[in-house]
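As they're listed, the protein sequences go chains A and B. Taking the working numbering, the leading residue of the first sequence gets 1, the next gets one more, and so forth. Taking the working numbering, the leading residue of the second sequence gets 1, the next gets one more, and so forth.
Because the hints were derived from the structure by calculation, they are not lab data. From the three backbone atoms N, C-alpha and C, an ideal C-beta is built for every residue, glycine too. Mixed in with the good hints, there may be bad ones.
Only pairs whose alpha carbons sit at most 30 angstroms apart, straight line, appear in this in silico DSSO-like list of lysine-lysine [what the hints assert, rightly or not]:
| hint | chain 1 | residue 1 | chain 2 | residue 2 |
| --- | --- | --- | --- | --- |
| 1 | B | Lys96 | A | Lys224 |
| 2 | B | Lys35 | A | Lys215 |
| 3 | A | Lys111 | B | Lys205 |
| 4 | A | Lys205 | B | Lys138 |
| 5 | B | Lys224 | A | Lys99 |
| 6 | A | Lys182 | A | Lys215 |
| 7 | A | Lys182 | A | Lys99 |
| 8 | A | Lys215 | B | Lys111 |
| 9 | A | Lys182 | A | Lys138 |
| 10 | B | Lys224 | A | Lys224 |
| 11 | A | Lys224 | A | Lys182 |
| 12 | A | Lys145 | B | Lys145 |
| 13 | A | Lys215 | A | Lys145 |
| 14 | A | Lys145 | A | Lys182 |
| 15 | B | Lys111 | A | Lys96 |
| 16 | A | Lys182 | B | Lys138 |
| 17 | A | Lys205 | B | Lys96 |
| 18 | B | Lys96 | B | Lys138 |
The following label-pair restraints were derived from C-beta to C-beta distances [to be verified]:
| hint | chain 1 | residue 1 | chain 2 | residue 2 | range |
| --- | --- | --- | --- | --- | --- |
| 19 | B | Gln75 | A | Leu220 | 17 to 25 angstroms |
| 20 | B | Gln41 | A | Ser141 | 46 to 54 angstroms |
| 21 | B | Thr219 | A | Thr219 | 44 to 52 angstroms |
| 22 | B | Glu21 | A | Lys145 | 30 to 38 angstroms |
2 protein chains.
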Amino acid sequence: MMRIALIGTGNLAIHLVHALETCNATQLVQWIGRKNTPPRQNLNTPYFTQYQQNIDADLCLIAIADDAIASTAEQLINSDVLVAHTAGAVSIDELKPLKRKGVFYPLQSFKETISVDWSTIPICIEATHTDDAELLEKLASQLSKNVHQISEHQRLQLHTAAVFANNFCNHLIGVSQNITSKAALPFSVLQPLIRETFERSFSNKAFALQTGPAKRNDTLTQQKHLSVLSEEDAELYRILSQSIFNTHNT
Amino acid sequence: MMRIALIGTGNLAIHLVHALETCNATQLVQWIGRKNTPPRQNLNTPYFTQYQQNIDADLCLIAIADDAIASTAEQLINSDVLVAHTAGAVSIDELKPLKRKGVFYPLQSFKETISVDWSTIPICIEATHTDDAELLEKLASQLSKNVHQISEHQRLQLHTAAVFANNFCNHLIGVSQNITSKAALPFSVLQPLIRETFERSFSNKAFALQTGPAKRNDTLTQQKHLSVLSEEDAELYRILSQSIFNTHNT
């Protein structure tokens, strides 16, 4: 049984608590957060609002804001336990004062209210020592079938790629929802097109699938589209159209 | 049996030929294109390179470039047949000289080599006369379970929304693929995140699902991301991040 401590009370932390409490091979021995009460009901794990010195666990995961990682590591300086942060764009060196440090980065967008299937979530790990990498890999493999040991630079690149594929696409879908809503049309009309868009990208180069007025420089259609957009959405439209045009015509 | 003529040889036309030849309730009586030979093998339909006067069909679909619709309508001026164009952002008035005009707009991104499931494709129709709208609705219902009578302005809004959801998201997925490729990582690592992103948007407001550094104005992470991007991708990153920030913080 792998004994784990967890620091943090955000979206990822809440999902990790659930995953670690549910997994047969792991025991969540303590959960530490700044909130006075744990942000989850029916908790089987002791909850603390203060760091414990000499955490009695095999591994301590810290799932907190990026800019709090270094100061939290300072608090754990006397601990012998392996400490791993869970951030995509933070160097393992932010844990510098610690003897044993690692990264345990699950590549998913976590919202408290939306359940996730951990078995499919890619977990990217990194550690300074081989033994610690093995420990992280063992934990990751208990939760997911999709585990990758990658370097810090690869992780940053992956995190950046995820911003384009998740954050930015999600925002554009939101713009799209606003337009259909204004048109008094159900967003479900776009569902088959959207599903096709991303499913096709899993087995093709997306650039080779590109269609639309921007690719073929159809300025007449673009003018019509701009006429139904707010100034801010029109600005997005112009920049994205230009980027598509440049990709296919230079 | 509904007798249909089709003008055009592009991606949509090729998919329409297949759908209309396969459907039990329709007969494709002629296919007209500018190419000397039909761009499809094993064709059961007579292929012509010249317009026929008095087309002997219940309906003539024109699936050609937007800017060729008006001049093609001029060619068909003596015909009594209902003529429908298939474009999202073209007014029915482009068919002005014709007695019976309509729109038959299938909302999907068509690529010649990628098969589609017509039964799920939304087909948006419009006609000047009620009888003609019924005829178009009858045809659309033979191909798809997802048929909508919408106005010209709704169709333009829908087409614009589709550009955001399909053209722009596809482009950003392409950028994302380039980043993972540069990182020597398989793009499949992003697959669960991408599927989650889009599937969640079908039952939620995408803006309510937004996460990431742009929403929380995490400029440190944004600087790290910018450091791995080309100048052109960095420009996209900045504009999209600004739009996300504005959406959630103004």
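- Task: Please name the hints from earlier in the document that this structure breaks, with their numbers sorted from lowest to highest.
- Result: 4, 7, 9, 10, 12, 13, 14, 15, 17, 21, 22
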